[in-house]
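J.: Those protein sequences? They're chains A and B, same order as listed.
Quick note: the working numbering has the first sequence finishing at residue 79, numbered continuously throughout.
Quick note: the working numbering has the second sequence finishing at residue 263, numbered continuously throughout.
Among the hints, erroneous ones may be present.
Unchecked claim - Computed far set for chain B versus chain A, every beta-carbon distance over 10 Å:
1. GLU173
2. ASN192
3. TYR245
What the hints assert, rightly or not - A short, non-exhaustive set of chain B residues, derived as facing chain A with CB atoms under 8 Å:
4. VAL54
5. ASP84
6. HIS88
Claimed, not checked - The list that follows gives simulated cross-link-like pairs (lysine to any residue, SDA-like), each with its CA atoms no further than 25 Å apart:
7. B:LYS36 - B:VAL163
8. B:LYS92 - A:PRO57
9. B:LYS92 - A:PHE60
10. B:LYS153 - B:VAL163
To be clear, the hints were calculated from the coordinates, so they are not data collected in a lab.
Even for Gly, the Cβ is constructed at its ideal location relative to N, Cα and C.
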Amino acid sequence: MENNITLAGPLVYALATLGPGIGIGLIFSAYVSGVARQPEANSILRPIAFLGFALVEILALIGLVFAFL
Amino acid sequence: MSSAAFALSHNFVAAAGEGFTPPGLGEFIFQPYFSDGTLPWLTKPLVASVFAAVVVMVFFLVGSRQRALVPGRFQFAVESVYTFVRNGIARDVIGHGFEKYVPYLVTAFAFIAVSNLFGVIPGIQFPTLARLGFPLALALFSWAIYLGIGIKRAGFFGYFKSVMFPPGLPVFIYPLLAPIELIQVLLIRPFSLALRLTANMFAGHILLLLFTLGGTYMLFNESVLLKVLAPFALASAVGLTSFEAFIQVLQAYIFTLLSALYIAEAMSEEH
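For reference, chain A alone in the conformation it holds in the complex:
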């Protein structure tokens, strides 16, 4: 019984990382290919990429908080 409880949080968090993992991958793949095509656009693209990264990352972090609650 106790084992179920200790496993529930980590498993829920493992599920919660799936979506943000895919999302962050998509964001940085777009960022990398954008910079590869036009290296001088790096400084314009960087804030946009990290903004998207931050917005997606918060979903995984909310999952982390719920795993510990």
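The hints should help you fit chain B onto chain A, whose structure is shown.
T.: Then chain B, alone, in the frame of chain A:
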């Protein structure tokens, strides 16, 4: 990531026989320095936080004391931090009229970076922003600043009207959009700013604790298999420490970037 690794190693070590108490929420609760009850609020996170503020102050004061035309090494370090925030964040995101907000953004960036880096600096090894109170205060500063800018620009009702009813949308969208935008500006933004920092530092600290404590436990265990595997756990603790240092600076960047973005949005006329 930390939770999953935590469960795995927990089961693994439990299978080996003896009890291993994994790091948990208790690692983030500190006893006051004076056990006799005077100054019950004087704990390690508070002292570390004040120390971080002093470090940032001394860094910038000493760096700008003697401004040479050809900067020395230290002045160059100070100026590159300042230039990074000024040009890389404030100027690129806010655009016209960004100079007024550079001091706040530089201070926030430096303070958050130093407070976070305390998580990997030997002797302190606790990221103060892992306690929700500290980043919440920082997020409330950003919140007050962008609300203040917006209200000063368009007036109280004008600002909230521009937030809730951005022009150029079909009318039937507004009942759906207006409450979401209002809740987002008033509640979700400050809490997501604070929660992002806290959860990142919390997860990183637990991860480092798990690998160091677990590695030490495995090293002094009876089982030969665990003894052989222990160096790998300790080596990954070393690797993760440098990864954590990178995450800590990245989070400072993201907090400053989002603050600048909210300020820019409050400054702009349309929405």
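J.: Now, for every hint given, state plainly whether the structure supports it.
T.: Comparing the hints with the structure gives:
1. GLU173: 15 Å, holds
2. ASN192: With a cut-off of 10 Å, B:ASN192 comes too close to chain A, as the shortest Cβ separation is near 7 Å.
3. TYR245: Violated, since 7 Å does not exceed 10 Å.
4. VAL54: Not OK, violated: B:VAL54 not within 8 Å of chain A, min 30 Å.
5. ASP84: 6 Å, holds
6. HIS88: 16 Å, violated
7. B:LYS36 - B:VAL163: 54 Å, violated
8. B:LYS92 - A:PRO57: 20 Å, holds
9. B:LYS92 - A:PHE60: Given that 25 Å is the threshold and the Cα spacing comes to 23 Å, the pair holds.
10. B:LYS153 - B:VAL163: Holds, at about 14 Å.
When each numbered hint is compared with the structure, violations occur for hints 2, 3, 4, 6 and 7.
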